[in-house]
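*Asks:* Quick note on this note's numbering: the sequence shown kicks off at 27 and runs consecutively.
I should point out that these hints are in silico values taken from the structure, not numbers from a laboratory. A couple of the hints might just be wrong.
27 Å max Cα-Cα, derived DSS-like pairs, lysine-lysine [to be verified]:
1) K371 x K81
2) K371 x K423
3) K301 x K81
4) K111 x K371
Pairwise CB distance ranges, derived in the manner of DEER restraints [as the list claims (entries may be wrong)]:
5) M90 x D351: 31 to 37 Å
6) T285 x A395: 24 to 30 Å
7) I206 x D186: 28 to 34 Å
8) G344 x E141: 45 to 51 Å
In this text, a Cβ means the ideal position worked out from N, Cα and C, and glycines have one as well.
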Amino acid sequence: MTTASFIIYRETLADMPVTLGVAWRSAENWTGVPATTRGDILRAVNMKHYLHRYKSILQTSIGMPDYLITGSPNGFVHVALAAYKTRHHLTIRPEDVWFSIPSQLSFYINVHAAELPDVFVSNEGIKQLAIEVTCDNRSRNDGPRKSNASTRQIAAVLGDHIKDPALREWVMPSFSTTMIVDRAVAAALFIGAMQTEKCPTSRMSGGALPSVTLLGEAADYWIILQRLDILERLRGCEPRDMAQLLRPVLRHMIATFETGATPRTVSFWNNMIQKWKPDGNKTFLSGWITAFCYWSAEGVSNIIFNMKQRGGAFVLDGVAYPCLDSEDIPPSSAAVPVVVDIGDKRLDCTLLAASAAIYATDATPEQVAASPNQGVLKRRGRTAIQPVSGWFLCENKYRKRSSIHQILHGNRL
């Protein structure tokens with residue numbers, strides 16, 4: 027597609043968030059366990075690292091709001107599951123959709139670095155990824171206010187280790203809703219060492235999605251759709267297969283802005299989550315949400331075995347989506363080793379970026395109005411949920427050379 031046609035097309039797109047009623051069910055109050063400290067969120071993102079590696083949180087981009095926040099190892103996928111299972115209004119930013127893509131691609135690059143063209147990664151590997159950040163005692167745990175400096179540092183590292191300027195720009199979100207912290211998260215998810223702890227199992231009970239709200243503009247999702255083309259530059263069929271799974275999803279998200287509540291659009295959102303019992307016993311996750319779970323944290327395609335079970339696959343626009351065990355939902359987090367200066371001290375730390383939590387808020391008037399079941403009007407409480415991403419700058423408990431050495435000199439990139 028030429029630049030001119032892209033500009034002309036953007037002028038025709040909806041430029042306001044859209045809310046769509048999906049199921050004839052009233053929304054329920056959020057019952058997730060609320061975090062009372064930032065440590066609670068970090069523990070939910072990665073329990074093993076929280077217990078064994080981190081001494082304290084020096085800074086984080088995630089504040090503690092008045093409304094409920096619950097930690098999660100993969101905020102985007104888990105918020106979709108929760109909205110479906112326990113009937114909540116779902117709110118999505120374009121950044122939530124985008125973060126899953128470089129995060130997933132990072133798992134693939136970690137395993138297939140030798141097969142990648144030089145324009146993608148530096149031949150020197152990850153050994154130079156340590157970042158020096160200045161921090162003073164007054165800036166500890168200041169939340170989003172201190173994210174700008176870290177964003178600049180991470181972006182500089184990304185530029186040093188990715189040779190292709192187009193790929194460098196590709197990683198960074200540039201949507202109408204993008205904040206400075208989003209650019210830090212995207213860069214860290216792409217260049218950081220993978221977090222291999224599995225997500226907790228989530229039981230698949232019956233449910234429905236009362237409404238969905240897409241924030242931003244249709245043009246934001248069109249940009250994501252265009253960015254999928256760069257996956258074709260990677261060797262191997264897996265990146266192309268992932269792009270094939272994602273393209274119909276992005277097209278239907280764009281259509282949500284353009285056409286509203288048509289039967290086709292409502293059907294798309296109703297099929298975000300599906301259940302499949304191949305033997306009538308264990309329940310597998312299906313639906314188009316599995317496009318965002320293509321690779322495991324070990325860089326192994328989740329689709330290889332499951333596509334042999336085509337009888338249970340959900341099909342969207344002729345594309346079959348994999349069925350996953352809920353235990354195979356990959357995390358969406360990454361760690362980068364950093365050195366932090368506090369006065370005359372130098373601390374060995376870790377910068378952890380993640381789709382880290384779920385926010386629960388009151389439903390907006392648009393969400394209430396979009397729900398076909400008027401029973402929702404009688405409900406009071408936090409019935410709307412959305413994912414939240416951010417980073418944690420953590421002081422390590424001790425200088426554990428094996429862990430830092432593995433991150434700095436391992437086979438990452």
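*Asks:* Decide, hint by hint, whether the structure agrees.
*Replies:* Here is how each hint holds up against the structure:
Straight-line distance between C-alpha atoms of K371 and K81 comes to about 16 Å, which keeps the hinted pair within the 27 Å bound. Simply put, K371 and K423 have alpha-carbon atoms about 15 Å apart, close enough for the 27 Å limit, and the pair holds. Between K301 and K81 the CA atoms are separated by roughly 40 Å; this puts the pair beyond 27 Å, and the hint is violated. Restraint check for K111 and K371: the C-alpha separation of about 48 Å exceeds 27 Å, so the hint is violated.
A C-beta distance of roughly 34 Å is found between M90 and D351, which places it inside the suggested range of 31 to 37 Å. Look at T285 against A395: about 18 Å separates their beta carbons, and that is not inside 24 to 30 Å. A hinted range of 28 to 34 Å for the beta carbons of I206 and D186 is inconsistent with their spacing of about 20 Å. A hinted range of 45 to 51 Å for the beta carbons of G344 and E141 is inconsistent with their spacing of about 29 Å.
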